[in-house]
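Student: Given next are the chains, with one letter for each unit.
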Amino acid sequence: MSDLETQEAFAPGTAPGEGIAFEILGDAEFPTADMSLSIGPAHPATHGVFRIVLEVSGERIKSATPVIGYMHRGFEKLAEHRDFRQIKALVNRHDWLSGFSNELGVALAVEKMLEMEVPDRAQWIRMLMAEWNRILNHLMFVGSYALELGAITPMFYAFREREDIQHLMESATGGRLHFTYNQVGGLKVDLPKGFMRQSHGLSKLLRSRLPDYKDLVLGNEIFQARTKGIGPLPADVGLSIGVSGPTLQATGVAEDSRVTEPYLKYGEIDVHVPVGENGDSFDRFYCLLHRIEASLDIIDQIHDHMPAGPVNQKLPKMVKAPEGATYVRTENPLGQLGYWLESDGGRTPWRLKMRTPSFSNVQAIPYLMQDTLFPDAISILGSVFFVVGDIDR
Amino acid sequence: MMESASVTAEVIVAQAVSIFDVGDGFVLPVLIKLVFVLALFFVLPLVGGYLEHKAMGRMQARRGPVEAGPFGSLQLVADGIKFIQKEDLIPRAADKWVFAIAPGVALVPAMLIFLVLPFGPGVFALDLELGLFYALAASSVSVLGVLMGGWASANKFSLIAGLRAGAQLIAYELPLILAAIAVAVQAGTLSLVGIVEAQANFLIPGTEINLWFVFPQILGFGIFFVAALAELSRPPFDMPIGDSELVFGYMTEYTGIKYAMYMLTEYAGMISMSALTVVLYLGGWQLLPGVPLPGCEAGGGLFDCSPVGVISGVLITIGKIMALVFVMVWFRVAFPRLREDQLQRISWLVLIPLSLLNLAVITVAKVVF
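Chains as they are written, first to last, in the working numbering: chain A, 1 to 393; chain B, 1001 to 1369.
I should point out that these hints are in silico values taken from the structure, not numbers from a laboratory.
Since the model is a prediction, treat every value here as computed from it, not as a measurement.
For glycine and all other residues, C-beta sits at the position ideal for the given N, C-alpha and C.
Incorrect hints may appear among the rest.
What the hints assert, rightly or not - Restricting the straight-line Cα-Cα distance to at most 20 Å, the calculated cross-link-like pairs of lysine to aspartate or glutamate (EDC-like) are:
id, chain 1, residue 1, chain 2, residue 2
1, A, K353, A, E80
2, B, K1156, A, E55
3, B, K1156, A, E59
Said to hold, decoys possible - Covered stretches of chain A, going by a simulated chain B footprint (3 or more residues, C-beta under 8 Å):
id, stretch
4, 32-44
5, 142-148
6, 152-161
7, 223-235
8, 368-376
Could you build all of it, start to finish, from the sequences and the hints given here?
Tutor: See the structure below:
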């Protein structure tokens, strides 16, 4: 039917523009079909193979369903076939941005089962490395979150800083990503000569550069317009879902196992836990950025406390944990990391169950994305900080 | 119909004389002008792009391109050659014809604007009496190519991006044109050369001090520049591309030379919008308000120039254009992206009322003085 015929069918025998009456049906809304939009598995905002299926009406999201498992590598099962000293090289790969913190959790679990005393110096060095690793991780998210909101520059700044930290950690551990520096009973080797001086200098340098991030990202009006009030998470919902780390602290809950259940020597120093108020994207990012500052404070305290002494101890040829089970939780950069380690007295663990922060954090996404706009979904997705390997394991 | 067409044909005639109008023939000047416009169209965006690469590099603690050509200056040429070599993919579900011509529909209007842009005394292809109208009209055709590409890609991200681009154009066309009208009112002409001349001769009422239009119309200048950024989908208004949300917006499915055409459209748009801003607000090829060019006689020291005056005029214009391109790059480095509804709100609730106010004030002032 041509245009002219259509017009005549609507209003036969009238002049154009006259007498065309539309009957409005229903509740006067123009009915449109919803679209299902698959973000990922390969999408710039998911940094990894994470997928969310959105049901969108225009740009408004009706529901969001995370689809996980594209990166399942079976670490829990693999760990059952490695002995207790070898699994640290597996676990530093599930959250590849916090390798040191992951292997620390496993080392602590095995040591707890063996009831082993770890030398003081090793504990302090572990803390120092864990805090540097935390900053390394957080800088990545500072950069990538800004990038997801369209600001490209913070990413380059963050990577400049990350390069310095990786250089520092490499000088002690030999690794840039998978450090494998922990050992059951201590550390692989002592710190190299001059490490403390470098660490001190780097801490000062980072402190001088942190205001840049606050001005460029946190203080930016557009950044605030994009994040304030977006995806608010009430504390009770957050707790019931089981989020942790900056995502939980943003809701105002100052839960941090470094404070509430200190491990290593965290009980002997001051640990500041930044908290937010509304639990929105802005608060999540605020907590993340201020955790860097808190970590720098901790690092400075560690510099003052670092004792001399051995960093490891002689181990038997085969480390065998006694029969039984234990659970160790540590404050990983992204939140609470727990290892449930069960041994039947053999040379390998009978079961290693991981409770990873990213897995719990992404459970909040369907709640947060309900009835938001599509660009806000990206703002939420980036602010619930997660590593895909840490979700799928 | 015939009458109105002939009237239009009478209105659009060359006004000032271009330096390319050599000899009495028809073919030679046209050929020279074509070469001139094409050279500008292909060279200036490359210069702007190189500036962007280097300025962004410096601001982001890195060096920018260094390998291709001296100081990496041929990086974009190398990129262009790479794009030509790439496979030209058309998605199976795409609307093939629309998909194929969409980059061209975006590119050609961007090229046509260069016909009327004056770069120096006599250095322009055409001086239309309706030059400003023509430039703004041509610039708004480009979005059609974006919409077509977004629709024809058969990709949900491209579709959202195309619709965003359409909404953005409608919202920002209005403040852009309203701001430009205020300039036309103050200058009393729509000819771009005429506007430059009017700026060279504009004196603060009651004094002998010469001023560019940016000073009385600082509000209009801001509105025009912001709206131009939005028209070009440059950050912080790059929602139609939105690489973290929409993968690469309407360009997601494009590869090779078609993708390069979209990119060239963006960079040519940066140059032409900057050039329009320079002509409308920043005094064209005048170095400073009230300073005549060396070797120029008429019209406030900007016309009837010796070769020295012509060359210095062109250099001054290009310098000003690059300064504005630098500001655009600066915005890109410093700002995150706005959300689509925030963008619309800024336009309808802030920019349009302000541009109407600007127009009213300028019109009243024009009548009073």
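Student: Could you run down the list of hints and mark each one as holding or not?
Tutor: Against the structure, the hints:
Restraint check for K353 (chain A) and E80 (chain A): the C-alpha separation of about 10 Å stays at or below 20 Å, so the hint holds. Simply put, K1156 (chain B) and E55 (chain A) have alpha-carbon atoms about 12 Å apart, close enough for the 20 Å limit, and the pair holds. Distance restraint check for K1156 (chain B) and E59 (chain A): the Cα-Cα separation of roughly 11 Å lies within the 20 Å cut-off, and the hinted pair is therefore satisfied. Counting residues of the stretch 32-44 of chain A whose CB falls under 8 Å from any CB of chain B gives 4; the rule of at least 3 is met.
Check on the stretch 142-148 of chain A: 3 of its residues sit with their Cβ under 8 Å from a Cβ of chain B, so the three-residue criterion for coverage holds. Three residues within the 8 Å Cβ limit are the bar, and the stretch 152-161 of chain A against chain B gives 5, so the coverage statement holds. Only when three residues or more bring their CB closer than 8 Å to a CB of chain B does the claim for the stretch 223-235 of chain A stand; here the count is 3, and the claim holds. A count of 4 residues in the stretch 368-376 of chain A with a Cβ less than 8 Å from any Cβ of chain B is obtained; the coverage claim is therefore met, three being the minimum.
The structure agrees with every numbered hint stated previously.
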